[in-house]
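**Q** Fit chain B to the given chain A structure using the hints.
Number of protein chains: 2
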Amino acid sequence: MRDFIFFNPVKVYFGKKCMKYFGNEAKKHGKKALLVYGKGSIKKNGAYHDIVNSLEKAEIEFVEFSGVRPNPVLSHTKEGIELAKKEKVDFIIAAGGGSVIDESKAIAAGAVVDFDVWNFYTGEKTPEKALPLITVLTLPATASEMNMGSVITNEENGLKLSTGAEVLYPKASFLNPNYTMTLPEEQIVYGTVDAISHIVEPYFNHTAEYNILSLNVADGVLKSLKENCENILNEPNNYNFRANHMWSVTVAFNGLIRTGLGRSEFPNHAIEHAISGLFPDVAHGAGLAVVMPAWMRFVKEEKEELLKRFGQNLFKLENHKPDHTIEAFKNWLKSIGAPVSLGEIGIKENDIEKIAEKAYEVMQFWAMDTDKYSKENIEKILTFAL
Amino acid sequence: MRDFIFFNPVKVYFGKKCMKYFGNEAKKHGKKALLVYGKGSIKKNGAYHDIVNSLEKAEIEFVEFSGVRPNPVLSHTKEGIELAKKEKVDFIIAAGGGSVIDESKAIAAGAVVDFDVWNFYTGEKTPEKALPLITVLTLPATASEMNMGSVITNEENGLKLSTGAEVLYPKASFLNPNYTMTLPEEQIVYGTVDAISHIVEPYFNHTAEYNILSLNVADGVLKSLKENCENILNEPNNYNFRANHMWSVTVAFNGLIRTGLGRSEFPNHAIEHAISGLFPDVAHGAGLAVVMPAWMRFVKEEKEELLKRFGQNLFKLENHKPDHTIEAFKNWLKSIGAPVSLGEIGIKENDIEKIAEKAYEVMQFWAMDTDKYSKENIEKILTFAL
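Line by line, the protein sequences are chains A and B.
Mapping of the first sequence onto this note's numbering: position 57 corresponds to residue 57, and the numbering continues sequentially without gaps.
Mapping of the second sequence onto this note's numbering: position 127 corresponds to residue 127, and the numbering continues sequentially without gaps.
One chain only, chain A, in its complex shape (with noise of 0.2 Å):
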């Protein structure tokens, strides 16, 4: 068990009528706020009128700014900070999954320095205050709305790098499963990838000796992120199930599952940040279900109990090898329709190289034991994943 801090003062809004406590609470934070959102998904689920109507009725004037991509661009962040510096905003409002609430956090950090915001991403700098950011969430997959992260990608490089400090937690966030009810099919999936792939890291890759209370509630929310997407596939309608699925992914990744088990590495992230760095097509959840199983494969001996554990929690299985887990995982990825090759993504063998460069510059931004994880075990896992 190692020391740790923890400190998480989001104020969770969560329901079905969670919308009526936006006004009050935009109000505590300012007269005028940009309004961040994606390609106009929020104005067919709801959440766009709900905000506006919340705004217009709290008499707070705002500003939008639109068009934020998934795996989020660092030329359209400064665009946003730009914005934001000119309307002079008192805060910030993020309406959509991750990649928004990541730009926007982006935004609050650089809407009030006079330097590049990307010092921040390249660990140069780290954010020391901000305009304050209150999140709708529309997509549950990152828990960047419960979290102080955000991973923006600089298309000069194709470098994806995240940073992360206090200020950078929403004041307080929205969950209205409603929201999330006409998402499609593959955004359920690549969300619950993505929840899963927040806990794999911790889960294997920690560093304290001892810390059963983690690995039972970690075991705990990967049942539940399992059980909840299965249940939304087959029964698309039920708000529980929605509802249910929505809180799992954003406790998934909200710091306590990490408590007291010291640094753990992410190089499932790490990887995937170079395939998606690269190939921006790429949903992030699509890439991290390529790559989980294969780099299971590459630590399956050091990882043994791990991955036996991992595979009697989730799969029910028994007197069973870390290759069982294994296959046993991949078999679920493929059941939800999630893609499990590099070919199912578009990438095609002779990228391997490439992405294994980006991927080792990644781990080196992030410290990580680039000895373990050199250029050649990179393409290993890469090829394992083929």
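Hints in this document: simulated from the structure, not taken from any laboratory.
A few of these clues could be false.
[Said to hold, decoys possible] Here are the simulated PhoX-like cross-link-like pairs (lysine-lysine), alpha carbons at most 20 Å apart as the crow flies:
| no. | chain 1 | residue 1 | chain 2 | residue 2 |
| --- | --- | --- | --- | --- |
| 1 | B | 308 | A | 223 |
| 2 | A | 316 | B | 308 |
| 3 | B | 44 | B | 16 |
| 4 | A | 308 | B | 316 |
| 5 | B | 372 | B | 354 |
| 6 | A | 28 | B | 129 |
| 7 | A | 223 | B | 223 |
| 8 | A | 223 | B | 316 |
| 9 | A | 16 | A | 43 |
| 10 | A | 316 | B | 223 |
| 11 | A | 88 | A | 31 |
| 12 | A | 308 | A | 321 |
| 13 | B | 223 | A | 308 |
| 14 | B | 28 | A | 129 |
| 15 | B | 303 | B | 316 |
| 16 | A | 171 | B | 171 |
| 17 | A | 316 | B | 32 |
**A** Just chain B now, kept in the frame of chain A:
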């Protein structure tokens, strides 16, 4: 899945070196503190020494207020409020277990109003402001260090009531597992039982139709509590067991498990509050160990599925009936040294009537279903505990 608002802004500093942050954290809240503690065990376990050293280094003045009793009482609370007002302290430091923290919350809320603090406990008033509170936990049991609840006993009428409000969240809590190394075995046992009871109430008494996340997480925390308690009793000097236990007890009742479960009644607590309100020498955990199996017997038909789940999760029972779960739970409580009958905590058959009356009164304050929990039925439960 029910709508909810989740907000828990307590900053938790956890681990053997956590006190190095104490001085800086304290400075944020003012220049003069009231240091509240009990009978002085903090002078033996090292907490007092570390606090005083940190305060001196941080040049923070402090006034001591000791003598908080287990099951803290209103009269002593009022003395603390008077002292806090007279000395014009900026903030409160609670050093001890749940009793010290609960009384400190009452002092924090009472020091900023001119009326009787008991009004917060009867529900006539709600705390709207309070002095900032920092806690240094030395006895894991109530999770008061990471929630907004407080329980106080009014000795004049034997009523043990609770209050809760966002302003009662500690600003920061320091959890150093080394302070728990010198605890008597029975304190570990009672603390474990208390933590289990905090999960048992929402686990069995929730009103949401569907919430697999909360039940799965609850299962995981319950297993951690059981295993860590057993481990500590077998190997009292093992830091990892103490540490993982300490954090498990906090997580059991920091609000997370209850999210989305809807309203849960707390019948075991209502009955126990009557017991320790009338018999203040009964430890809260001891009372709960006696009440819980008896209460389970009372609801064994209504709660059949959940009782089977509880038995499977904690005691690996298979193809079992609720009675087997109750028997296994009772046997396990005995095995760790907890009492399981009223006689063992010094209560006689002819005390049952007055306990039932008092419990019924508590249940009325808590707006519980007093048809289900009529005086006769409470007597029935207590009779099961003979």
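**Q** List in ascending order the numbers of the hints, as given earlier, that are violated by the structure.
**A** Of the numbered hints, just 17 does not hold.
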